[in-house]
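**Student:** One letter stands for each residue in the lines below.
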Amino acid sequence: MLQIMEGSHAVAEAAKLCRPEVVSAYPITPQTHIVERLAEMVADGELDAEYLCVDSELSALSVCLGSSAAGSRVYSATSSQGLMLMAEVVFNVAGMRQPIIMSIANRALGAPLSIWNDQQDSLSLRDSGWFQLYGEDVQEMTDQHFIAYKAAERHDVLLPGFVCFDGFILSHTYEPVDIPTQEEIDAYLPPYVPYNKLDAKSPLSMGMYATPDYYMEFRYETDLAMQRAGNAISEVGKEFGEMFGRDYSMHTESYRMDDADVAFVALGSICGTVKDAIDEMRADGIKAGLVKIRTYRPFPAKEIAHALAGVPKVAVLEKNISLGTSMKGIVGLEVKDALTGTGIDVYSYVVGLGGRDIRKKDIRAIAALAEKGEGNMFYGLRTELL
Amino acid sequence: MALRIGAAAAPGRAPDNKTGSWRVFMPIVDMEKCTHCGTCTLACPETAVSDEDGEIRFDLDYCKGCGVCANECPAKAIKMILEEN
Amino acid sequence: MVDKSLELFDCGHRACGGCGPAMLARLMLKATGENVIVVASTGCMEVFSTPYPETAWKVPWIHSLFENAAAVASGIEASLKHNNRTEKVVCICGDGATFDIGMLCISGAFERGHDITYICYDNEAYMNTGIQRSGATPYDASTTTTPAGRMSTGNALPKKDLPQILNAHGASYVATASVAYPMDVMKKVEKAINTPGACYIQVHTPCSTGWGFDGAKTIEIGKQAIECGLWVNYEMENGELKKAKKILRTPVDDYLKAQKRFRHLFKPERNAEEIAKIQAIADANAAKYNIDIKLKE
Amino acid sequence: MTAAELIATAAFKSGVYSQAFPAFGVERRGAPVQAFVRFSDEKIRLRSQIYEPDYIIVQDSSLIADVNVFSGLKEGSIVLVNTDKDTVEDVPDGVNLITIDATSLALEILGLPITNTTLMGAFAAATGEIGLEALEEALSERFSGSLAEKNIAAARRAYELIQEGQ
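Sequence order for the protein chains is A, B, C and D.
The first sequence begins at 29 in the working numbering and counts up one residue at a time.
The second sequence begins at 49 in the working numbering and counts up one residue at a time.
The third sequence begins at 88 in the working numbering and counts up one residue at a time.
The fourth sequence begins at 7 in the working numbering and counts up one residue at a time.
Warning: the hint list may mix true and false statements.
Capping the alpha-carbon separation at 30 Å, the derived lysine-lysine pairs in DSBU-like fashion look like this [said to hold, decoys possible]: (1) C:Lys333 x B:Lys124; (2) A:Lys315 x D:Lys49; (3) C:Lys168 x A:Lys225; (4) C:Lys246 x C:Lys375.
These aren't lab readings, by the way, just hints derived from the structure by calculation.
Please take these sequences and the hints and turn them into a complete structure.
**Tutor:** As structure tokens, then:
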């Protein structure tokens, strides 16, 4: 049943429905409403979990790692600087193959300090071994939590995952969302069965060190697991669709891509604005389309190449910057790689950094730039300041 | 041997590494002097000294020859001698 | 009760001969028994005991990172509590991981009061990376980052008083011990794991490689540290000093002379001024913990 | 933001899609803030801020001197201003101005100068976009007990005042 709710509260509801045994997080804007709501749920007895208020994000994810290793399903959430403070643990959790799910309310990184949205934080950890899902609206980001746990915990995956959504733009927006019932989620998401578990009845050493004779093979195995995570996300996304009517079997969503002359590629909330802009452009005879990336890690290169096949110009909207690279955008570099040999022109447009608003007219202007072959640039700079 | 996910391992493989080869000096015990006080068995960092059936035994597969047992023996019953190859 | 015959730390590990921390690992597990989960920090002990796939630990053991053992232990304890499990949670971490990089996570864990025992194996420097100074390095010790030289007499800072810091967190049991006294180590570990809440034990574990002495003398050096008052074995319960090992104190000279890390205090000639400062540290310890045995005239 | 949330909730209860979000800032209590609401028969995808609003609610008329609150208004737009005066300066031509002394009303009924609910009632009456019933439903979800009753009373009173005035 649809109800109207703040994005953060919908995420908290989703986390609760997944029945985590331990929740640990450190407050950071714009993630705070999620963990405040979870703390309330524990205080009110709605959620039977250990809620640990910790000293830092470093401790928050370390606590989660310990609980997960002891066999519990765990949950955390963070943003921006918090994710950076966690970074060492982020890589460690993936290497230790603990299927922890963490919500990322995307926010820019300092300096300069900014509490506002872009996606630099999670995209900067693209190589950490966590799969990454991005939601376009409150419904999608809510559903992605159920999918993430189910995929992560599969024994052919055993990898942690980020569920990412744009800070403020989605985390602080009230909009209608369908929250499944506990019975429904219990039927969808089975209890967590750990693979490696700290247990006195069956001793195991976890997180050992590997000499050069072993290290590469562990990294190789983790990469294989990441590839399998793609299949798993697709399969459990399809199952989700069968149960709830919202299908997530695809890692991407194509919008009005038939006969498109210019295609946008983007992640997250900007996709809604792009869709509205595309409708306007189409009405004006400009044949534009969108390929939205929902699963960014593992990178669905084949699916993207298929979706973009035959499109002359591709404009990747980047809420990030890969400083010192030719394209300037992280995602564009990967899209371009996915399209190697096709002759398709791929351009990155750095937009919306640090909360700069993005409007339909901006999207239209970027389409025009792509048509002219101008790209790999910042869009929307206040040139009077430069 | 296949890798275990997450660089995890069950106990049991450490003894594969025979640290006895590190040794230069080896312990010998004079059972006439030994009082079975237990100092050597407790002090050994290698778990390589045992007191079984009235005999002090050194597990030379693992004894690194550090000499803590000899140094600490209150009865001076243990000596370290240069080991012949 | 402690079962002295129980061996849960396997042979075949790669510690140096006469390793103080390896002694502690054995003693600690004799005291905990099998119903325990051990959390290790990155450090010498972790490296010498767990090269994949050869773990020396016959109990559940986990290592995550250098600085986060106390937080990982907190998470394990929360999970055990949630599932009514009975294993004790014990951290075993070096002094660098404890005094320096791990302080944040330790402070949080002790503030929250998790039912964990945190044991620091204190060998007074970063031994794993090659003997660099830590917050536990004693005054005037020469390390690779505080080398003695023409303009330096070694480490210029005093050893941080970590037991008092954790005492101030409200820890129910805080103790110091030394591998030179194995029965005392086991007794204190047993007491800590059976005391509810976060407990801390700091164990002096001489390091022959880092301090510069013959590995046969690990225990001897440990005893000398206690006998001169530079290391004090004591227990604090609920914030109060309960017991400190009484001694007939000797001058600090013999303890210092026995180790290369203090050699510069005696060559080319005895540095009376610096040694007097170290003696003053021992004197202050003796006064603070009231450890001097008073003989009748 | 509370007013925006309540309007979005009431609109949703009236059977349309809605979206409310703040102009995310670091402002402390008392500083000027903006919040936006969209409602539509279709699912709302647009995420940009609102630059050409159909309606503007000004909760504190003293802001008009400092902030260009009328920016982007079109012919036929409605501006609802909380003021004890009858007129407001600088309202663009073609824009319908409606004033209400929401502060006095809130003080009278709630005992507090919190104008969210009175302005909601006024907004419902002025625009016809949300029904009084949906508004009351939203309020009774948000507040409980006598607080809900008082807020509903305040909204209803404002609703009636505006209706009488039109």
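**Student:** Against each hint, give a clear statement of whether it holds in the structure.
**Tutor:** Hints, verified against the model:
In summary, the hint linking Lys333 (chain C) to Lys124 (chain B) is supported, as the alpha carbons are separated by about 26 Å, within the 30 Å threshold. Proposed proximity of Lys315 (chain A) and Lys49 (chain D) is supported: the alpha carbons are some 23 Å apart, at most 30 Å. Among the hinted pairs, Lys168 (chain C) with Lys225 (chain A) is consistent with the structure: their alpha-carbon atoms are about 15 Å apart, no more than 30 Å. With a C-alpha separation of about 15 Å, the suggested pairing of Lys246 (chain C) with Lys375 (chain C) holds against the 30 Å cut-off.
Comparing the model with each numbered hint stated earlier shows that all of them hold.
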